[in-house]
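Trainee: Please build the complex by placing chain B with the ligands on the supplied structure of chain A, with the hints as guidance.
Next come the chains, spelled out residue by residue.
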Amino acid sequence: MIISAAAWRIAKKDGLEVLRDRRTLFINLILPVLLYPLLTLFLIQVVQLAQATKRDPPRIATIGVPAPALRFLKEPAPDEKTAPANKSLASPAENLPELVSLPPEAISALTAIAVKLKTPTPEDRKAALGILRQHRLVTALIVLNPEARPVEVLRLNDDAHPRMDEAKSATDRALESWRKEQVKATLDAAQVPMTALTPIATTTLSLAPVAEAVRTRIAGIIPLLLVILATSGAFFPAMDLIAGERERGTLETLLSLPIRRRDVFIGKLLVCCAAALAAVILNLLSLVFTVGIMGAQLAKAGGGLDLAGIAGVGGGTLLLCVVMLLPLTVTVAALALALAGVANSVKEANNTLAPLILVVTVAGAVAAMPRIEPNLALDLVPITGVVLALKESLQSPHLPWMHLALAGLSSLAVAAVVVTWATRLLESERFRYPGLVRAGWGRWRKWGLKPPVPGGLEVLGIYALAVAGMTMGSGLLTNAPAAAIVVIPLLAFVALPALLHAWAGAYPLSAIHLGRPTARHLLAGLALVLPAIALSATVGALQATVIDPKLLEQGGDKVMEIIAQVRAAGGIGLVLLCVAVAPGICEEILCRGTLLAGLRQGLGTLGAVLISAFLFAVLHMSPWRFAPQCVLGIGLALLCLRCGSIWPGVIVHAGHNGLLVLAELASSGQVPGVQPLVAFARQVPPMTWGFVVPPLLVALAATGFRLSRKASQPGS
Amino acid sequence: MLTLHGVRKTFYDPGRGPVPAVDGITASAHGGVVAVVGANGAGKSTLLRLIATLLVPDEGRITVAGLDVTKDPEGVRRHLGYLSTTTRLYPRLTGRELLRHIGGCYGLEGAALTEALDRQVVNFALAGFLDQRLEGCSTGQLQRINLARTLIADPPVLILDEPTTGLDLVASAQVVDAVRAARKTERLILLCTHHLTEVEACADRLWLLRDGKLAWDGAPADLGTGAGLDAAVRAHLGLNSP
Ligand SMILES: Nc1ncnc2c1ncn2[C@@H]1O[C@H](COP(=O)(O)OP(=O)(O)OP(=O)(O)O)[C@@H](O)[C@H]1O
Ligand SMILES: [Mg+2]
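From first to last, the protein sequence lines stand for chains A and B. Each residue of the first sequence is one higher than the last, beginning at 655 in this note's numbering. Each residue of the second sequence is one higher than the last, beginning at 83 in this note's numbering.
Chain A on its own, in the form it takes in the complex:
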């Protein structure tokens, strides 16, 4: 995007103002720098405080436990005394439980319950728990018969007790030591050495430097923190720059100046992004610095931990973080400006922005969770993809180039869409004077001209509904007949929301391209079926030369399996209905009807064609079919705009799907009557096909284009 001189002028003035705002300075410059040093200091303090306070040992009662076992409860076995206490902060001596002697009636009550060990009633459990809690016990150890072999030890636990873990490890340890002692005695009696029990000894050597291991652990958190910082960094300027202007009464002054409104917006966006980036970069530097100093301190203290290496992720990785976060920052800044812009005051802007920071945090946190790894689908999810790719880059010794590129491209695309949409906002009167038109929406509008076409945000909402329904709804249908599994989600989540939206919004059917087509246009659709197949097949073949199909193929067999089931239930006709006609109609209604019409409002024709095609491809949730569907989507969108109706596209779409499935079935000999045709085709030399098919396709495509030429130019 070209940033005009006017936009820079606005940015300069706004930047100056923001720099004079103490709150923004604090959030964007001082907080990111101080975050890690303060966090470290706080952690150290908390740990020191926790160590300084003496905790009461967990209370344990013993009934009938023999003396050797009691001894181990009171003091750890000799070989454990010397072991370093690296597992917990407290030393083993402090972990020793307090042994409590119970009054006789409690002992007899617990013993009575212990006798019924095999069949305790819920009342017994309750009674035992009551006794434990009455004497503030965590655990009671009961041995009914010390002479029996094996000795049966009953442990009654109050699992809800906060010191349960300590009590458990203390009793575990004591019982284990006791067991070892008994085993040793038995072995000694039989004159067998103790090593007979441990024929295999394992020694583990950690090769990676501690620093790297620590880095892997914290790698998930750093990108999340950066995303949150980028978001909050953009927030305060965003609030100050539009809602603040409105509140201080300067917005009207600004809008009366001879500057294009989009330049005003871009100028403000530049300031927001600069502020957010400053926060991110300062934060990264602070991280490196803090860890470096900590490492140096630890090395000096001789703790043996070389933490200095954590900082050694290299300037390249840090730069990568900044570059990857750039589109995301722009997106969030534009969204924040737009959302803050509809608010009347800074206070109101705070409320409209709170959900955004929540969404960003959740999307980032999902990616930061351990065990979640990037994949081709997750890469496309706006915030999650970037955080995942960055996490992977920080963790693994090799950069995940493909994920970085996909996530980067996806977030760039999102940024482009959001910025295009947001820059147009200031052009709307409603955005300049919020509360100007409060006459209601759609069917329920009380006064004034109804917008003839749905807005971009509205239709994106409908699309989100469709995606959510397709992903979650199909899970509900696992036991339904195969045909229902295919058709019901399409009807319920793709077509129905779009139609309901058009009804509720009182949009005329022609506004979402559902008007009656002319016969010429339907013929055009027919003529374009084969060229469409050729197009998507070509894209698929091209894709296969670049990327290994195995990498992208997911669930392709499952589709064929469902098709086989449908065919078993209702023959080829039902198959065509399920995979050709139903998707053709439903997906066209959503993607070329509602989506294309609405996006055109916010993004213009080019943007609407591209984005609707992208979203159409995403709807199929198949990485392998993504590129072909995307190209097909562009073609269908152009055809729809040209004919002013989705129905020619429905024919192309259904024909494309239907013929491909028929071909698939025919190649495995499952379609009756085509065998002679296939046999004939095999006899004709390939060269002949090469001469016949391309001209035929070109002719068909040309016919289609000619037929689709619209007699009357489209209205609005």
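Here are the simulated lysine-lysine pairs, DSSO-like style, with alpha carbons at most 30 angstroms apart: (1) B/K295 <-> A/K1100; (2) A/K834 <-> A/K772; (3) A/K822 <-> A/K772; (4) A/K728 <-> A/K708; (5) B/K153 <-> A/K666; (6) A/K728 <-> A/K834.
These aren't lab readings, by the way, just hints derived from the structure by calculation.
Mentor: Quick look at chain B with the ligands alone, frame taken from chain A:
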């Protein structure tokens, strides 16, 4: 300079329903000071905002210096200086920074900008507080800077919506003097006011607005002077107390 043709703008208010704030105004003006007078809610500010491209007319056509407000809003704004009770100034900037910024927005640069700035500093006697942050300036000082910024690029059309509201007698007189000083044959000044003395002091022409309609258009002297003008205006606006 300015033409209005069948201009309409209706707001919707959940309590009152549709409010026709400007209800079919047709008029034109070429130079001098046009005073716009009407009762509260008559639609004066709405009309001026429509001309300043801040609002978009529902119906009708407005041209400023030959440019249509809906087709070329930037071009229109380049010919406009707009000041109203709701155009305030950036409190965290100094007067000089503000004037330079706004001059820059009108395309003034380098020596031309400095020269324009100096001219306004002299015209409005800004030198005493020019380098002070605006949050520290008094209402009168702010209004002088506000007038200076509307005039900095010497625009051919000036829109002043109640420029004397909240000012004391001396400051109001200064504003009226400034309007008179800015008056040129090739410049149109639209002055919305509630004070007929100001109208008499500087207006060449008077538009009386009543319920969004143009109730009277002509020279104020044709309606009378002093108490006579007051009575005539009241009669036209339906403000006579029973
Ligand atoms: N943004 C808005 N939303 C809804 N109604 C509005 C809006 N702005 C103005 N109106 C209504 O339009 C009508 C005309 O308002 P306008 O501000 O133009 O009057 P005015 O002549 O300037 O009055 P005043 O002398 O009080 O400034 C009023 O009834 C007002 O309530
Ligand atoms: Mg007004």
